[in-house]
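Undergrad: The task is simple: from the sequences and hints, build the whole structure.
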Amino acid sequence: MEPREVDLDPRQVAMEIDTGGRPDGSLAITRRLFINKAILAGTAAGVASVGWFPVINTLDLAFGQQAAFKFAWLSDTHLYPKDVNTRFVDKTVRAVKEIKAMSPPADFLIFGGDLAQLGDPVEIDLGADILKELTIKKHFIPGEHDWYLDMGAKWERMFGKTPWTFDHNGVRFIGLNTVGFAPDYWSAKKMSPKERMGHMATLDGSVAGPWAGVGDEQRQWLQQTVSGWAKDRPLVVFTHTPLYEYYPPWNFWTRDWREVNEILKPFSNVTNIHGHTHQVLYNELGSMRSIGMLATSWPWPYAPQGVPPLTKPMIRADPGDHFDGVGYSKLTAGAAGRIENEYVMWGRKEVFAESVVDSGTADNVNQILHPRIADRMWPY
Amino acid sequence: MKGKLALAALGAGLLGLLGAGASSLWGPAPALAHKAKHSQEQLDAFQQVLMEQVRLGDLLFHGDADTEKQMNIKLSNTGMACAMCHPFASDSHPHEFPKFQEQMNAFATLRDMINWCIEKPNEGVKIDPDGPAMKALEAYIYWANRGSKLDTGRH
Numbered sequence: 034m035e036p037r038e039v040d041l042d043p044r045q046v047a048m049e050i051d052t053g054g055r056p057d058g059s060l061a062i063t064r065r066l067f068i069n070k071a072i073l074a075g076t077a078a079g080v081a082s083v084g085w086f087p088v089i090n091t092l093d094l095a096f097g098q099q100a101a102f103k104f105a106w107l108s109d110t111h112l113y114p115k116d117v118n119t120r121f122v123d124k125t126v127r128a129v130k131e132i133k134a135m136s137p138p139a140d141f142l143i144f145g146g147d148l149a150q151l152g153d154p155v156e157i158d159l160g161a162d163i164l165k166e167l168t169i170k171k172h173f174i175p176g177e178h179d180w181y182l183d184m185g186a187k188w189e190r191m192f193g194k195t196p197w198t199f200d201h202n203g204v205r206f207i208g209l210n211t212v213g214f215a216p217d218y219w220s221a222k223k224m225s226p227k228e229r230m231g232h233m234a235t236l237d238g239s240v241a242g243p244w245a246g247v248g249d250e251q252r253q254w255l256q257q258t259v260s261g262w263a264k265d266r267p268l269v270v271f272t273h274t275p276l277y278e279y280y281p282p283w284n285f286w287t288r289d290w291r292e293v294n295e296i297l298k299p300f301s302n303v304t305n306i307h308g309h310t311h312q313v314l315y316n317e318l319g320s321m322r323s324i325g326m327l328a329t330s331w332p333w334p335y336a337p338q339g340v341p342p343l344t345k346p347m348i349r350a351d352p353g354d355h356f357d358g359v360g361y362s363k364l365t366a367g368a369a370g371r372i373e374n375e376y377v378m379w380g381r382k383e384v385f386a387e388s389v390v391d392s393g394t395a396d397n398v399n400q401i402l403h404p405r406i407a408d409r410m411w412p413y
Numbered sequence: 016m017k018g019k020l021a022l023a024a025l026g027a028g029l030l031g032l033l034g035a036g037a038s039s040l041w042g043p044a045p046a047l048a049h050k051a052k053h054s055q056e057q058l059d060a061f062q063q064v065l066m067e068q069v070r071l072g073d074l075l076f077h078g079d080a081d082t083e084k085q086m087n088i089k090l091s092n093t094g095m096a097c098a099m100c101h102p103f104a105s106d107s108h109p110h111e112f113p114k115f116q117e118q119m120n121a122f123a124t125l126r127d128m129i130n131w132c133i134e135k136p137n138e139g140v141k142i143d144p145d146g147p148a149m150k151a152l153e154a155y156i157y158w159a160n161r162g163s164k165l166d167t168g169r170h
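Going down the list, the protein sequences come from chains R and L. Going by my numbering, the first residue of the first sequence is number 34, and it counts up by one from there. Going by my numbering, the first residue of the second sequence is number 16, and it counts up by one from there.
One thing to keep in mind: the hints can contain errors.
Each computed DSBU-like pair below joins lysine-lysine, with the alpha-carbon atoms no more than 30 Å apart [as the list claims (entries may be wrong)]: (1) 103/R with 264/R; (2) 133/R with 363/R; (3) 89/L with 115/R; (4) 135/L with 382/R; (5) 187/R with 227/R; (6) 382/R with 363/R; (7) 227/R with 171/R; (8) 115/R with 141/L; (9) 298/R with 171/R; (10) 227/R with 89/L; (11) 227/R with 114/L; (12) 135/L with 115/R; (13) 114/L with 115/R; (14) 89/L with 141/L; (15) 130/R with 103/R; (16) 222/R with 84/L; (17) 141/L with 382/R; (18) 227/R with 135/L; (19) 135/L with 130/R; (20) 363/R with 187/R; (21) 382/R with 223/R; (22) 227/R with 141/L; (23) 223/R with 84/L; (24) 187/R with 223/R; (25) 103/R with 194/R.
Just so you know, these hints were derived from the structure itself, not from any lab.
TA: This is how it looks when you write it as structure tokens:
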């Protein structure tokens, strides 16, 4: 009846998987002054309420005199078969229609993972069918929900392999797989593929462990891929999970983020764009900025610890409105050498909380949380 | 099977410990409390009663279909489970109830809120507010939030 001893801290387990160990204090989070729209407009209210936090993440990626262009990010659609849930289908369709209507148009789409909820081929086919409406070039990275029913077989047949890279108008874009290298939690327990997937699909479960990681082979590929790139030219790295340590118990991290950061550290303009966390997030790690994207499916609450201090939290979503707190992103690479991220949150003019009472983090100040127990007890 | 046996043994043990075997015209006789120094065995038994409810509530909260079936309830018709918006039961704020709840436009208890979530976002079937499923869900939510500062009425 009593729960077993709590399993190892995910960070301790990750140390055994990778060679890096725990983060140290040498990777300081720096504060940078961003030019945001409110300040540019000179609105006193905007300055007072926003301070030095970015309202729109304006990223000064210096890429010379290349032409401006737009691209779009869509992720975390978590599609079920239509007979289970049409709600998520409706929202994915809406995002695709809106991205298709972007003016000027997006040059390409990044699909950032978790197309499916349980990796079911029906779900992946449904997603592919919806995305067919978009005729612009599409680049895919997987999420854990896409992967652990058949270990990525269907995903790779449909959307190709990762990692990948391409250059576009002076920016090098890189897509990594941070979900496919989980320690084997299923063989010893003789799990069926569905059971394996079920544990992976439970964000606050304790069975799947610290699954988010880049791995040795992919890090070597990354090292080679950036080796010929000038240090002051912009790099944009797409990952499903954040490339820093936010909250390991929910895999709101990538366990070997320190080693990845070592590879990217020499470059002065690195932007990591990630999904998985279903919320507004912003962090800086040396010269790398990370921006968390919205899901179309549902918003996760902010984790009880680890929200980067540079994040200006999103508003508290209305749980009675399934179009609230969710959406996608339009990104613009401007001719002046800046990339702007615009969150499109349906039904909301103000994505960011302007007061404590409406903040997605401030409402949890008196909250202390404890991990679940049922999946650490027999017969799991 | 193993779980049922354990539960049966626990029940029998508790009855013995609490001296609640007798019954009258008005139902089971109340157990006497605090009349003697508590033994560790008693305290362990009390804890086990709680943890069994927490375990059940945890399973329901995470959408365990077998547990729902056994309790003859349907908490969701969207594929969504409570934990998908409330990992570790976060943002469920049991320590803030009762309070005026904006979604209902009414003064609400935690049990009212649980049933609102079942009926509205999850499109499931409301459960008996005093029934075993509600008690288990409430047990898990309180247990997962233990140590939170009591802050009744906070929005």
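Undergrad: For each hint, tell me whether it holds in the structure or not.
TA: Evaluated hints:
This hinted pair checks out: residue 103/R and residue 264/R have alpha carbons roughly 23 Å apart, not beyond 30 Å. The suggested pairing of residue 133/R with residue 363/R holds, with an alpha-carbon distance near 11 Å, which does not exceed 30 Å. Between the alpha carbons of residue 89/L and residue 115/R the distance comes to roughly 19 Å, so the proposed pair stays at or under 30 Å and holds. Of the supplied pair hints, the one linking residue 135/L and residue 382/R holds, its CA atoms being roughly 25 Å apart against a limit of 30 Å.
The straight-line distance between the Cα atoms of residue 187/R and residue 227/R is roughly 15 Å, inside the 30 Å bound, and the hint therefore holds. For the hint pairing residue 382/R with residue 363/R, the CA-to-CA distance comes to about 15 Å; that is within 30 Å, so the pair holds. With a CA separation close to 29 Å, the supplied pair residue 227/R and residue 171/R stays within the 30 Å bound. The hinted pair formed by residue 115/R and residue 141/L meets the criterion: a straight-line CA distance of about 24 Å does not exceed 30 Å.
Only pairs whose Cα atoms come within 30 Å are accepted, and residue 298/R paired with residue 171/R is accepted, the gap being roughly 28 Å. At roughly 21 Å between alpha-carbon atoms, residue 227/R and residue 89/L fall within 30 Å of each other, so this suggested pair holds. Taken as a hint, the residue 227/R and residue 114/L pair is broken in the structure, with Cα atoms around 41 Å apart against an allowance of 30 Å. Only pairs whose Cα atoms come within 30 Å are accepted, and residue 135/L paired with residue 115/R is accepted, the gap being roughly 19 Å.
A distance of roughly 37 Å separates the Cα atoms of residue 114/L and residue 115/R; the hinted pair therefore is violated under the 30 Å criterion. The straight-line distance between the Cα atoms of residue 89/L and residue 141/L is roughly 8 Å, inside the 30 Å bound, and the hint therefore holds. Between the alpha carbons of residue 130/R and residue 103/R the distance comes to roughly 16 Å, so the proposed pair stays at or under 30 Å and holds. With a C-alpha separation of about 25 Å, the suggested pairing of residue 222/R with residue 84/L holds against the 30 Å cut-off.
For a cut-off of 30 Å, the pair hint linking residue 141/L to residue 382/R is broken: about 34 Å separates their Cα positions. The straight-line distance between the Cα atoms of residue 227/R and residue 135/L is roughly 28 Å, inside the 30 Å bound, and the hint therefore holds. For the given pair, residue 135/L sits about 27 Å from residue 130/R by alpha-carbon distance, which is consistent with the 30 Å threshold. Between the alpha carbons of residue 363/R and residue 187/R the distance comes to roughly 28 Å, so the proposed pair stays at or under 30 Å and holds.
Among the hinted pairs, residue 382/R with residue 223/R is inconsistent with the structure: their alpha-carbon atoms are about 49 Å apart, more than 30 Å. Proposed proximity of residue 227/R and residue 141/L is supported: the alpha carbons are some 29 Å apart, at most 30 Å. Restraint check: the Cα-Cα separation between residue 223/R and residue 84/L comes to about 25 Å, which is no more than 30 Å; the hinted pair holds. Annotation: proposed proximity of residue 187/R to residue 223/R holds, straight-line Cα distance about 22 Å (limit 30 Å).
Note on residue 103/R and residue 194/R: the hinted pairing holds, with a Cα-Cα distance of about 24 Å set against a maximum of 30 Å.
The structure is inconsistent with the numbered hints 11, 13, 17, 21, although it conforms to all the rest.
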